[in-house]
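Enquirer: Whenever a hint applies, use it, and build me the whole structure from the sequences.
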Amino acid sequence: MHYDVPSGERGVSIEMNAKAAAENTDPAIQFQDVTYGPDGSVPRTIVNNIRFSVASGQTLVLLGRSGSGKTTLLRLINRLLVPTSGQVIVRGRPTTDWDPIRLRRGIGYVIQDAGLFPHFTVAQNIALVPSLEKWDATRTTARVSELLLLVGLEPAQYCHRRPHELSGGQRQRVGVARALAADPAILLMDEPFGALDPVTRAELQREFSALARRLGKTIVFVTHDLREALLLASRIILLENGRIIADASPQEFPRIDHPEVQAFTACLTPLPGALA
Amino acid sequence: MTPWTFFLEHHAEILEATANHLTLVIIAMAFAVAIGVPLGMLIVHRPTLRNLSLGLASIFQTIPSLALFGFLIPIPFIGGIGRRTAIVALVLYALLPILRNTYVGLTGIDTAVLEAAEAMGMTQSQILWRVRLPLARAVILAGIRTATIITIGVATIAAAIGAGGLGTFIFRGVAMVSDAVILAGAIPAALLAIAADLLLGLLERRLKIS
Chain A
1 MHYDVPSGER
11 GVSIEMNAKA
21 AAENTDPAIQ
31 FQDVTYGPDG
41 SVPRTIVNNI
51 RFSVASGQTL
61 VLLGRSGSGK
71 TTLLRLINRL
81 LVPTSGQVIV
91 RGRPTTDWDP
101 IRLRRGIGYV
111 IQDAGLFPHF
121 TVAQNIALVP
131 SLEKWDATRT
141 TARVSELLLL
151 VGLEPAQYCH
161 RRPHELSGGQ
171 RQRVGVARAL
181 AADPAILLMD
191 EPFGALDPVT
201 RAELQREFSA
211 LARRLGKTIV
221 FVTHDLREAL
231 LLASRIILLE
241 NGRIIADASP
251 QEFPRIDHPE
261 VQAFTACLTP
271 LPGALA
Chain B
1 MTPWTFFLEH
11 HAEILEATAN
21 HLTLVIIAMA
31 FAVAIGVPLG
41 MLIVHRPTLR
51 NLSLGLASIF
61 QTIPSLALFG
71 FLIPIPFIGG
81 IGRRTAIVAL
91 VLYALLPILR
101 NTYVGLTGID
111 TAVLEAAEAM
121 GMTQSQILWR
131 VRLPLARAVI
141 LAGIRTATII
151 TIGVATIAAA
161 IGAGGLGTFI
171 FRGVAMVSDA
181 VILAGAIPAA
191 LLAIAADLLL
201 GLLERRLKIS
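Each protein sequence line maps, in turn, to chains A and B. Position 233, counted from 1, in the first sequence is what our numbering calls 233; the numbers after and before it change by one each time, with no gaps. Position 133, counted from 1, in the second sequence is what our numbering calls 133; the numbers after and before it change by one each time, with no gaps.
Label-pair restraints from in silico Cβ distances:
1) 231(A) with 209(B): 35 to 41 angstroms
2) 45(B) with 199(A): 39 to 45 angstroms
3) 51(B) with 101(A): 25 to 31 angstroms
4) 63(B) with 97(A): 50 to 56 angstroms
5) 66(A) with 49(B): 35 to 41 angstroms
6) 160(A) with 203(B): 23 to 29 angstroms
7) 231(A) with 34(B): 54 to 60 angstroms
8) 47(B) with 200(A): 39 to 45 angstroms
9) 51(B) with 100(A): 23 to 29 angstroms
10) 66(A) with 110(B): 16 to 22 angstroms
11) 45(B) with 207(A): 37 to 43 angstroms
12) 100(A) with 209(B): 27 to 33 angstroms
13) 209(B) with 194(A): 23 to 29 angstroms
14) 100(A) with 30(B): 35 to 41 angstroms
Calculated from the structure, these hints are not laboratory results. Where is the CB? At the ideal position from N, CA and C, for every residue including glycine.
Expert: Dropping the structure here:
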């Protein structure tokens with residue numbers, strides 16, 4: 001179907017899809033009183049009575065300490081986990097009504113260690129979902145090059161490398177490219193820049209924030225770094241012990257009067273000697 | 001009689017026994033791999049079958065090899081005197097290292113890789129064939145290598161139930177109280193084991209993924 005489309009026009013169509021998605025007013029993701037505990041046991045819950053929705057094109061940051069339940073919320077969206085009670089609605093349907101494979105192929109996923117396949121080249125890693133969706137070779141190759149350029153890697157130079165031949169930052173760029181391969185409407189990111197050195201991390205955060213704005217995708221981003229949250233988010237939800245304790249725009253968030261919010265904003269204060 | 005003169009006088013016979021021995025090992029290993037690797041893949045997501053098959057394979061391994069050959073003789077179809085019985089016993093012996101390494105190789109994969117695979121919308125069978133298996137192949141081959149070396153050694157005992165091979169010289173030498181005759185069986189068997197170890201070791205290193 002697509003082999004006769006010249007590669008130049010394909011890039012345009014992706015940007016248009018993105019704009020169309022951003023203008024759609026239906027929420028892309030809705031949590032309706034979601035509780036989750038391992039093995040369906042309610043007494044030992046990880047997240048409790050979670051209710052929020054994410055508008056299309058929004059970048060929602062789930063902020064919280066380790067163990068606050070933010071990764072669990074992320075994994076409920078692509079049905080790696082199923083709610084014990086309540087439901088998660090993705091693109092109009094509860095995740096339990098979705099065929100998990102179809103649901104996941106329409107959602108990009110980026111994790112901390114990138115999780116690249118060590119036995120695949122960079123190109124094969126990025127082409128994973130296209131190959132599962134049986135795209136033809138021409139379309140796949142064009143898409144891989146397009147994505148490598150998008151994440152700032154020269155296709156000719158990186159296509160044939162293996163993950164172990166890349167730096168941490170480059171691996172994470174490839175991870176982002178792989179997640180975007182089939183042009184999913186939703187992107188889930190679990191501390192994608194958490195394992196990088198501070199300089200590389202800042203570099204990738206800046207680039208990704210520009211990229212996110214351009215792509216207009218619905219993004220749910222998990223982090224414990226408020227600085228990162230303020231840079232990327234159009235909205236921040238703060239979690240503590242599996243409950244939502246704040247839900248605000250990045251402008252309002254630091255002014256919220258709650259001890260946990262203050263605990264996070266305290267981390268932003270520069271070192272005493274560096275105060276200007 | 002020195003081992004060397006015995007070897008010179010009987011070299012044709014020794015060579016034939018070596019060929020027999022090797023055939024026995026190759027047939028047994030082919031069956032063991034054909035059973036062990038698919039079974040190892042099957043038990044990744046089936047805990048009951050996993051415990052059963054790993055337990056059973058461990059039990060076979062604990063039976064002394066001579067006793068295992070003995071036990072099989074009276075069993076209909078697979079038993080009796082000769083090569084067939086020997087191969088059955090060798091397969092049972094070789095199964096554990098292959099089965100265990102296949103299982104360990106398939107399950108010992110970086111959790112981030114498996115999580116990404118699942119989250120990208122790969123089915124369990126796609127994950128098995130395209131991710132787990134290619135990443136486990138060096139570990140699986142290591143199991144096959146161990147099993148081959150065990151089988152080359154245990155196959156010498158197969159001569160006790162009339163299966164031929166290099167064990168023929170060892171048993172004859174023991175009966176004749178002749179070191180030269182024992183060595184005529186033991187040395188080629190040891191050389192076979194060393195050669196198999198080196199060859200498969202080489203292949204294993206080539207399959208390893210950094």
